[in-house]
Every structure is written in C-alpha cells, then in structure tokens.
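Visitor: With chain A's structure known, arrange chain B with the ligands on it following the hints.
Protein chains in written order, with the numbering used here: chain A, 1 to 243; chain B, 1 to 326.
FYI, nobody ran anything at the bench for these hints, they're computed from the structure. Errors might be hidden in some of the hints.
[Unchecked claim] In silico negatives: residues of chain A with every beta carbon more than 12 angstroms from chain B:
#1 Phe13
#2 Asn21
#3 Phe24
#4 Arg68
#5 Ser109
#6 Met112
#7 Gln119
#8 Gly140
#9 Ile215
#10 Ala221
[Said to hold, decoys possible] From chain B, some residues computed to sit far from chain A (all C-beta separations above 10 angstroms):
#11 Leu12
#12 Ala16
#13 Phe33
#14 Val96
#15 Val117
#16 Val127
#17 Pro150
#18 Glu153
#19 Ile162
#20 Val169
#21 Asn196
#22 Arg201
#23 Leu203
#24 Val274
[Claimed, not checked] With beta-carbon atoms standing in for the labels, derived distance ranges:
#25 Gly218(A) x Ala99(B): 54 to 64 angstroms
#26 Gly10(B) x Arg108(A): 18 to 28 angstroms
#27 Asp198(B) x Ile139(A): 11 to 21 angstroms
#28 Gly14(A) x Val169(B): 57 to 67 angstroms
#29 Leu290(B) x Arg54(A): 24 to 34 angstroms
Backbone N, C-alpha and C define an ideal beta-carbon position, used for all residues, glycine too.
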Amino acid sequence: MAVLTATGLTKRFGGLTAVKNVSFIARPGEILSIIGPNGAGKTTVFNLLTGFVRPDGGSVSLDNQDFRGMSPESRCRAGLARTFQIVQPFRGLSVLDNVVMGAMLRARSIEMAREIARQVLSDLDMSALCDVPAGQLPIGDRKRLEMAKVLATSPRALLLDEVMGGLIPIEVKRMIDFIRRLRERGIALVVIEHHMNAVMQLSDHILVLQNGEPIANGAPAEVTRDPVVLSAYLGANFALSGS
Amino acid sequence: MKPVRSPLTGLLLPVAGFAVLAALPLIFSDAFFVAAVTLAFLGAAASLAWNLSGGYAGQLSLGHAAFYGLGAYVSTILFLKAGISPLIGMWLGAIVSAALAVFLGAITMRLKGSFFVMSTLAFGAVVHISAINLRDLTGGPSGLAIPLRPSPENLIFAKKLIYTYVALVLVIVFYAITRMIAASKIGYALVAFRENHDAARALGIRTLPLRIGVFALSAGLISICGTVHAQYYLYVDPDSVMGLNLSLNFALMAIVGGLGTAYGPIVGALLVSVVSVVMQAYLGDQISGLTQLAYAAIVILVLLVAPTGLGPSAHAFLKRRMTWLS
Ligand SMILES: Nc1ncnc2c1ncn2[C@@H]1O[C@H](COP(=O)(O)OP(=O)(O)OP(=O)(O)O)[C@@H](O)[C@H]1O
Ligand SMILES: [Mg+2]
Chain A
1 MAVLTATGLT KRFGGLTAVK NVSFIARPGE ILSIIGPNGA GKTTVFNLLT GFVRPDGGSV
61 SLDNQDFRGM SPESRCRAGL ARTFQIVQPF RGLSVLDNVV MGAMLRARSI EMAREIARQV
121 LSDLDMSALC DVPAGQLPIG DRKRLEMAKV LATSPRALLL DEVMGGLIPI EVKRMIDFIR
181 RLRERGIALV VIEHHMNAVM QLSDHILVLQ NGEPIANGAP AEVTRDPVVL SAYLGANFAL
241 SGS
Chain B
1 MKPVRSPLTG LLLPVAGFAV LAALPLIFSD AFFVAAVTLA FLGAAASLAW NLSGGYAGQL
61 SLGHAAFYGL GAYVSTILFL KAGISPLIGM WLGAIVSAAL AVFLGAITMR LKGSFFVMST
121 LAFGAVVHIS AINLRDLTGG PSGLAIPLRP SPENLIFAKK LIYTYVALVL VIVFYAITRM
181 IAASKIGYAL VAFRENHDAA RALGIRTLPL RIGVFALSAG LISICGTVHA QYYLYVDPDS
241 VMGLNLSLNF ALMAIVGGLG TAYGPIVGAL LVSVVSVVMQ AYLGDQISGL TQLAYAAIVI
301 LVLLVAPTGL GPSAHAFLKR RMTWLS
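Chain A with its partners taken away, still in its complex shape (with noise of 0.2 angstroms):
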C-alpha cells in the first residue's frame, strides 16, 4: 500500500500563479478531499502529481519513489492514476475495450486485459454496457467509464477529478458506496469534488485551495468550522449543505 506525498508544489502561467506552495499527504485507505472555488488551482494540482504538466517547484512521491522527471505514463505504472474532470473515453471504441485500454497495464495478453476489464466493469455494474460505442453514452455512464479505466490499472493510488459532476442523486449515492469500497480495499485516494453532501460524507480530510493557495487543513469537522473558509468560499450555502 502506497503512501502519496507532495511536498510545496508550485505552478505558474504566465503571471498567475495557479498553484502555490501545496503540501499533502495521502495514506492508504484515507480519503483526502480538496476542495475550492472555480479557478482554485484544483486540477492543476492533479496535472502535477500525474506529470501531465512540469511543476515550477516542489516534489512529488511515492512511498519512497521520487517522481521526478518521470513522464505520466511511467507515474501510472508506478501505481498512481487519475480521472479527468472532462472525461477522456476513446470514443470510437467499446465500453470494453476502454477498459482493456487500462487493464493491458497489468495483463501479459489482451485476453487476459479482457478478463480483467470485465470484472472492473461488473464492480461499477456496467457489464451491460460492454458493447456500448464509448462516445454514445451519457454523462453519468461516461463518468463511470471513466473510473473504469482507471481502477483497470490496479492503481496504488487514485486521483479522482470531480467524477460525480452531472451526475443524478442515485447515480451520486451509488457513486459515494463505490467509492467506500476502493477505501476499503486500501487504495490511497485524493478527490476533488464541488458536491459538497458527497464530500462531508467521503473525507477524512479536507484541503481547501483559493487562488492555488491553501488556506485550511484537517478534518471535515475542523475545515467546516474554520472561519477563514467560511468566509472566503463556503459562505452560507456550505453551512447549510453540511449540517
């Protein structure tokens, strides 16, 4: 099981600075939640744990495996993955064969990436859907495809870019349960999310980011009290929704 560590991140484009100086750790079987408005710096902060994009400062890793200069695809084989916020199916391809896309990672062969595949997609109760054109589906059926591929990789640890976005009170339900249960089965997750319901539900800690900066770090009970993110994103809205 993989401990996920950043360490003073930092990114600017340009003249803003999108993300400063942020640090986490993310334990195996915890969920850490990051939250913040529009713009915060949110799915930056994910394109620099992936590799997608170069940080200007500070490191990520691993358990003791320093990421640095590393290119996604090798971050992906050392076990860490991600969803994208604007979901990324291939589109011209089944259901099915999306997610042998991410099995291969850990098959010898594309049968055995089938096999696998098949089981990731029965967990998210999607068999039915196997056949399925991925760019036919709907919003919520590409969103759990998107997860699909990922957990395909078997990651150690799992960055989740706002999955229940446009998703249905029963999909979001359902949605929260599976999310429990990569919890359970160990894996270290980091989820952004605007839903706040879902995130009071999922954390077991909250990091708030306003202007890529954070301003609060702790437990959902804590975050939710602390004025500074009362006052300068939650506002009222918040402290209804998390009663």
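Guide: Relative to chain A, chain B with the ligands alone:
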C-alpha cells in the same frame, strides 16, 4: 476493432475473399486485365503496409513512396552492380528503409498531427530529389533498366501472371501481419494513441517506441513492394517509384477502403484500380488531366457517402438492416 469475432468473420470471410481474388486473373485472363489486377494487388499490399502506421497508429505519412522507392532501388542496384538476387536485395532494401524509418520516426514522432504529416512530405521530397541527383548510383532521372533474364532466383518471370500471384502473396501475408498486430497489446496501444493520446498516457500506455517500431515495420514491408514493382516493370526511375502521387495513393486506398481496418486497404485498392482502369478506358488520354479530375471526384463522392471508408460504412449499413429485420 471488434474484440470478439465469430469464427465466420474471423477466418472464413478473408479466406473466401482471397480465393475470389486468386481466381480473378484466371477467369479474366486477358493481358490488360491481368496487368490491372497485378497493380491492384501490389497497391493493396503497399497500402496494407502503409495502414499499419497510418491507419492503426493514425500517423498519416505522405512520404511512404520514399521507402517504396528505396526497396526498388536497393534491390535493383545490388542486382545490376553486384549480381545479388532481388530475393536477397528486397530484404536489404527493407532493412535500409526500416533503419531510415527509425531515424525519421525518432525525430518526428513527437510532432503532433499535421506537423508530422508535413515532416513526412518533406522527407519524401528529399529522398525523391536525392534519387534524381545521385546519377552514378541511380541513373538519375532516366532511371535504371533491368535486363530480362527470367528465372525465379532473379524474381523475373516471362509469364506476367506469376507477378500477379507474387503480389497476392504479399497481400495475404501483410493482411495476416496486420490482423496479428491489431489483436495484440501493440495494436491496442497504437489505437489508444490514435484515439486519445492523453487518455493513453494516463493509463500508463507507452506509445513512442511502439509507434517508431511499427513505422519501421511499415517502411520495411512497403519497401518489399518496391522491389516487386522493379522486377515487374524491369525498370526503375525516381518519378514512378518515389513520386508524391504514389504516397498519396497508398494513403488514399486505405482511407477509401477503411482506415485502420485490416481489409480496408484491399477494398480501397481494388476500387481505386477499377475506377482508374474504367476512366482510362472511357476517357483515354485525350484531354490530359480529365482522368485525374474524374478520379478525384469519385474519391470525394465515396468519402461523402461513406466517411469512415467503404468497408466500415457498408458493415454499419448491413448491421442496421439486420437489426431492423430481426
Ligand atoms: N495549461 C494552462 N495554461 C494556462 N493557464 C492554466 C492552465 N491550466 C490551468 N490554468 C489556469 O489555472 C487556474 C487554475 O485552474 P484549474 O483548472 O486548476 O482550477 P480548478 O480548481 O480545477 O477549477 P474548476 O473547479 O473550475 O475545475 C485557472 O485560472 C486556469 O485558467
Ligand atoms: Mg478542475
């Protein structure tokens, strides 16, 4: 990319298809027809080779004529100057082409989309111009003639029909190679790259070495077609084995028939050949350019009607009909 194939479409259909192709020149044994079929087969083989990289990996190359031409020149020069059999020369040509492809790929495969296409265009032009200018080696613009000394060892046959079957063997072997790659992790990784590069990377799929490898394989195979071309015509010159129109044709056949499918290039090559033969017969060479114009019009028409290529579009059409019936 259909993962689960019924045995019927998996093997029976191709075998039946190849049997029909093999029978064609026997049924219509007229010399003009046999020549047309031979060129269609050779084009199909070349387009199959092109499709491995251009179709599956989606790395559209407009420079593959350079590899085709290298195959023709390497075997011909070795044959004329050192008496080396083209049966050996074609492998040496393939190695030269593959090596050059690795070199080119390592430089250009980091380029995105149209930048990669431009780089292959430039590469094709450079090789073409080099062939024109290296007179001592290539005979310059007037090319090299191969003396007619029929023998299997020379890959020269008095009976033209034998070339037809040599080309058909290439088609079948290249088709089999394509099917094997498409069903493997390599094939899946190439398709992942083509469909969504970032998604592929996020799933730990390393594509660069695979893309370079398949580009090299594609170059090597098309180079063998070049050798057969040289032995068929007994003549090699820069424009006819390295011209840009040749590169365009390899791509076009695959696109028309079905990009990134194993049978697409064969379907495309047959169609393109039929069209050009018919054009030639009806329009002749009276008005220069008219043939090409009509040809272009038909290609555009095909792609308007069947945007994913004839094969896949027909397949989808049939599938709709079947579900509608049942
Ligand atoms: N590749 C990039 N180039 C330039 N600016 C970028 C890039 N990626 C992100 N940004 C900017 O960095 C800031 C943070 O963006 P980011 O996507 O990380 O926010 P976020 O917290 O995920 O927002 P949301 O909740 O809307 O998803 C934004 O101002 C965004 O415009
Ligand atoms: Mg975001």
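Visitor: In ascending order, which of the hints set out earlier in this document are inconsistent with the structure?
Guide: Hints 5, 6, 21, 22, 23, 29 are the ones this structure does not satisfy, whereas the remaining hints hold.
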